[in-house]
Amino acid sequence: MVMNDLTVMIVDDSKLMRTMLTKILESSGYKVVAVLEDGFELLEKYAQIKPDLVLLDVIMPKMNGLEALELLLAKEPDASVIIVTSAGKEANVIKAHELGAKNFIIKPFDRDKVIEIIDQVMSN
Amino acid sequence: MLKLEAETVNAFIEPCLSVFEKLTPKVGRVVVGAVYVEAMKVSNSDVSMSCMISGSLEGKVVLSMKSDVALEIAEDMVGEAVDFLDDNAQSAIKELMTMVVGNAAVELGKKDLDINIAPVTFSYGFQEQIGSPSCPYPVTVPLLCDLGTVEIDLAFY
Numbered sequence: 000m001v002m003n004d005l006t007v008m009i010v011d012d013s014k015l016m017r018t019m020l021t022k023i024l025e026s027s028g029y030k031v032v033a034v035l036e037d038g039f040e041l042l043e044k045y046a047q048i049k050p051d052l053v054l055l056d057v058i059m060p061k062m063n064g065l066e067a068l069e070l071l072l073a074k075e076p077d078a079s080v081i082i083v084t085s086a087g088k089e090a091n092v093i094k095a096h097e098l099g100a101k102n103f104i105i106k107p108f109d110r111d112k113v114i115e116i117i118d119q120v121m122s123n
Numbered sequence: 000m001l002k003l004e005a006e007t008v009n010a011f012i013e014p015c016l017s018v019f020e021k022l023t024p025k026v027g028r029v030v031v032g033a034v035y036v037e038a039m040k041v042s043n044s045d046v047s048m049s050c051m052i053s054g055s056l057e058g059k060v061v062l063s064m065k066s067d068v069a070l071e072i073a074e075d076m077v078g079e080a081v082d083f084l085d086d087n088a089q090s091a092i093k094e095l096m097t098m099v100v101g102n103a104a105v106e107l108g109k110k111d112l113d114i115n116i117a118p119v120t121f122s123y124g125f126q127e128q129i130g131s132p133s134c135p136y137p138v139t140v141p142l143l144c145d146l147g148t149v150e151i152d153l154a155f156y
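Residue numbers (numbering that gives the first Met the number 0), protein chains in the order written: chain A, 0 to 123; chain B, 0 to 156.
Just so you know, the hints here were simulated from the structure itself, not pulled from any lab data.
Note that the structure is predicted; figures quoted are calculated from it, not measured.
A couple of the hints might just be wrong.
What the hints assert, rightly or not - Keeping only pairs whose Cα atoms sit at most 30 Å apart, straight-line, the calculated DSS-like set for lysine-lysine is:
1. A:K22 <-> A:K49
2. A:K112 <-> B:K65
3. A:K14 <-> A:K49
4. A:K61 <-> B:K21
5. A:K30 <-> A:K44
6. B:K25 <-> A:K94
7. A:K61 <-> B:K25
8. A:K22 <-> B:K110
9. B:K25 <-> A:K101
10. A:K112 <-> B:K21
11. A:K61 <-> A:K14
12. A:K112 <-> A:K49
13. A:K30 <-> B:K109
14. A:K101 <-> A:K30
15. B:K21 <-> A:K30
16. A:K22 <-> A:K44
17. A:K14 <-> B:K65
18. B:K65 <-> A:K94
19. A:K22 <-> B:K25
20. A:K30 <-> A:K61
21. A:K101 <-> A:K49
22. A:K22 <-> B:K21
23. A:K74 <-> A:K30
24. B:K65 <-> A:K101
25. A:K94 <-> A:K30
26. A:K14 <-> A:K112
27. B:K109 <-> A:K112
28. A:K94 <-> A:K44
29. A:K49 <-> A:K94
30. B:K25 <-> A:K14
31. B:K21 <-> B:K109
32. A:K112 <-> B:K110
33. B:K109 <-> A:K94
Claimed, not checked - What the simulated footprint calls covered on chain A by chain B, stretch by stretch (three residues with Cβ under 8 Å from a Cβ of chain B suffice, anywhere in the stretch; the number is not a length):
34. 6–17
35. 28–38
36. 72–81
From the three backbone atoms N, C-alpha and C, an ideal C-beta is built for every residue, glycine too.
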């Protein structure tokens with residue numbers, strides 16, 4: 000396992016997804032510094048924690064991931080966000096890129112694909 | 000009554016097959032049963048996940064199954080023993096449903112149908128009303144799995 004100092008925040012309303020992503024990230028040497036359940040929590044906690052990367056779900060109650068992404072990047076334009084969702088329809092992918100997401104991971108995902116995309120974003 | 004085209008129905012069946020295969024191999028072989036329409040259908044299963052959709056199609060998609068099947072699927076997804084449908088187990092099968100509908104939205108998008116998906120709701124212990132006055136004739140696709148039958152209902156206005 001390659002250890003690194005990169006910190007990641009996970010935002011997903013699904014407990015299963017939060018657990019799966021945490022395991023994948025930690026087994027690849029990333030440090031998961033916060034695991035949140037919705038967009039409001041992201042907006043509240045991002046500034047305190049300032050992770051190197053945010054993995055953000057789209058379909059969530061209260062505030063969806065694309066709305067949260069727009070609000071986050073308006074306040075924190077340097078935030079790196081990867082969208083992780085099953086709602087991978089073209090319109091969402093285009094909107095996420097326009098809003099400033101660094102990449103898109105489609106559920107269901109493979110562990111290797113998740114790490115490949117994260118490594119790629121973090122190396123940039 | 001909205002007339003559902005076969006390719007619209009297929010757009011939901013294909014993701015069921017691929018998501019089940021990837022996330023819950025314990026489901027085993029899945030055979031698509033005879034599609035049927037039942038007036039004002041009430042699910043005969045005690046576990047249902049319901050997802051409201053809007054856009055080019057309006058209505059709801061319901062995935063229903065008996066609780067023993069739901070338990071086996073949740074156990075497979077979570078990767079540990081599950082004795083009852085607790086928050087963790089519910090989260091797992093809700094996610095399964097989200098992926099099915101999300102992947103269906105991708106397929107429908109290729110046919111120029113743009114649909115938006117609401118968060119999935121889970122119900123346990125009672126039989127979900129599928130048909131409604133605005134959609135009295137939902138379309139049901141039974142998926143016959145090694146674990147038991149899972150039904151997907153498409154109730155669009």
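Hint-by-hint comparison with the structure:
Proposed proximity of K22 of chain A and K49 of chain A is supported: the alpha carbons are some 21 Å apart, at most 30 Å. Distance check on the hinted pair: K112 of chain A and K65 of chain B sit about 33 Å apart at the alpha-carbon level, beyond 30 Å; violated. A C-alpha spacing of about 22 Å is found between K14 of chain A and K49 of chain A, which places the hinted pair at or below 30 Å, so the restraint holds. Distance restraint check for K61 of chain A and K21 of chain B: the Cα-Cα separation of roughly 29 Å lies within the 30 Å cut-off, and the hinted pair is therefore satisfied.
For a cut-off of 30 Å, the pair hint linking K30 of chain A to K44 of chain A stands: about 17 Å separates their Cα positions. As the CA atoms of K25 of chain B and K94 of chain A are separated by approximately 36 Å, the hinted pair breaks the 30 Å bound. With a C-alpha separation of about 33 Å, the suggested pair K61 of chain A and K25 of chain B falls outside the 30 Å cut-off, and the hint is violated. This hinted pair does not check out: K22 of chain A and K110 of chain B have alpha carbons roughly 36 Å apart, beyond 30 Å.
Taking the CA atoms of K25 of chain B and K101 of chain A, the gap is about 35 Å. The hint is violated against a cut of 30 Å. For the suggested pair K112 of chain A and K21 of chain B, the alpha carbons sit about 14 Å apart, so the restraint of at most 30 Å is met. With a C-alpha separation of about 16 Å, the suggested pair K61 of chain A and K14 of chain A falls inside the 30 Å cut-off, and the hint holds. Proposed proximity of K112 of chain A and K49 of chain A is supported: the alpha carbons are some 25 Å apart, at most 30 Å.
Of the supplied pair hints, the one linking K30 of chain A and K109 of chain B is violated, its CA atoms being roughly 38 Å apart against a limit of 30 Å. About 19 Å separates the Cα atoms of K101 of chain A and K30 of chain A, which keeps this hinted pair within 30 Å; it holds. Distance hint between K21 of chain B and K30 of chain A is fulfilled; the C-alpha atoms sit about 27 Å from each other, no more than 30 Å. As the CA atoms of K22 of chain A and K44 of chain A are separated by approximately 22 Å, the hinted pair is consistent with the 30 Å bound.
Proximity of K14 of chain A to K65 of chain B is assessed by CA-CA distance (about 22 Å); at most 30 Å being required, the pair is judged to hold. A threshold of 30 Å between alpha carbons decides the hint, and for K65 of chain B with K94 of chain A the separation of about 38 Å lies outside it, so the pair is violated. Of the pairs offered as hints, the one joining K22 of chain A and K25 of chain B holds, with about 22 Å between alpha carbons and a cut-off of 30 Å not exceeded. The suggested pairing of K30 of chain A with K61 of chain A holds, with an alpha-carbon distance near 27 Å, which does not exceed 30 Å.
With a CA separation close to 16 Å, the supplied pair K101 of chain A and K49 of chain A stays within the 30 Å bound. In summary, the hint linking K22 of chain A to K21 of chain B is supported, as the alpha carbons are separated by about 18 Å, within the 30 Å threshold. The hinted pair formed by K74 of chain A and K30 of chain A meets the criterion: a straight-line CA distance of about 24 Å does not exceed 30 Å. For the given pair, K65 of chain B sits about 41 Å from K101 of chain A by alpha-carbon distance, which is inconsistent with the 30 Å threshold.
Restraint check for K94 of chain A and K30 of chain A: satisfied, since their Cα atoms lie roughly 28 Å apart, inside the 30 Å limit. For the hint linking K14 of chain A to K112 of chain A, the alpha-carbon distance of about 20 Å falls within 30 Å, and the restraint holds. With a C-alpha separation of about 23 Å, the suggested pair K109 of chain B and K112 of chain A falls inside the 30 Å cut-off, and the hint holds. The suggested pairing of K94 of chain A with K44 of chain A holds, with an alpha-carbon distance near 24 Å, which does not exceed 30 Å.
Taking the CA atoms of K49 of chain A and K94 of chain A, the gap is about 24 Å. The hint holds against a cut of 30 Å. Annotation: proposed proximity of K25 of chain B to K14 of chain A holds, straight-line Cα distance about 21 Å (limit 30 Å). At most 30 Å may separate the alpha-carbon atoms for a hinted pair to count; K21 of chain B and K109 of chain B meet this at roughly 22 Å. For the proposed pair K112 of chain A and K110 of chain B, the alpha carbon gap of about 27 Å is at most 30 Å, so the pair holds.
For the hint linking K109 of chain B to K94 of chain A, the alpha-carbon distance of about 17 Å falls within 30 Å, and the restraint holds. Given a C-beta distance limit of less than 8 Å, the hint that chain B covers the stretch 6–17 of chain A holds, as 5 residues qualify and 3 suffice. Closer than 8 Å: that is the beta-carbon criterion, and the stretch 28–38 of chain A has 0 residues meeting it against chain B, so the requirement of 3 is violated. Chain B is given as covering the stretch 72–81 of chain A, and this is violated because 0 residues of the stretch bring a CB closer than 8 Å to a CB of that chain, at least three being needed.
In this structure, the earlier hints numbered 2, 6, 7, 8, 9, 13, 18, 24, 35, 36 are contradicted, and the remaining ones agree with it.
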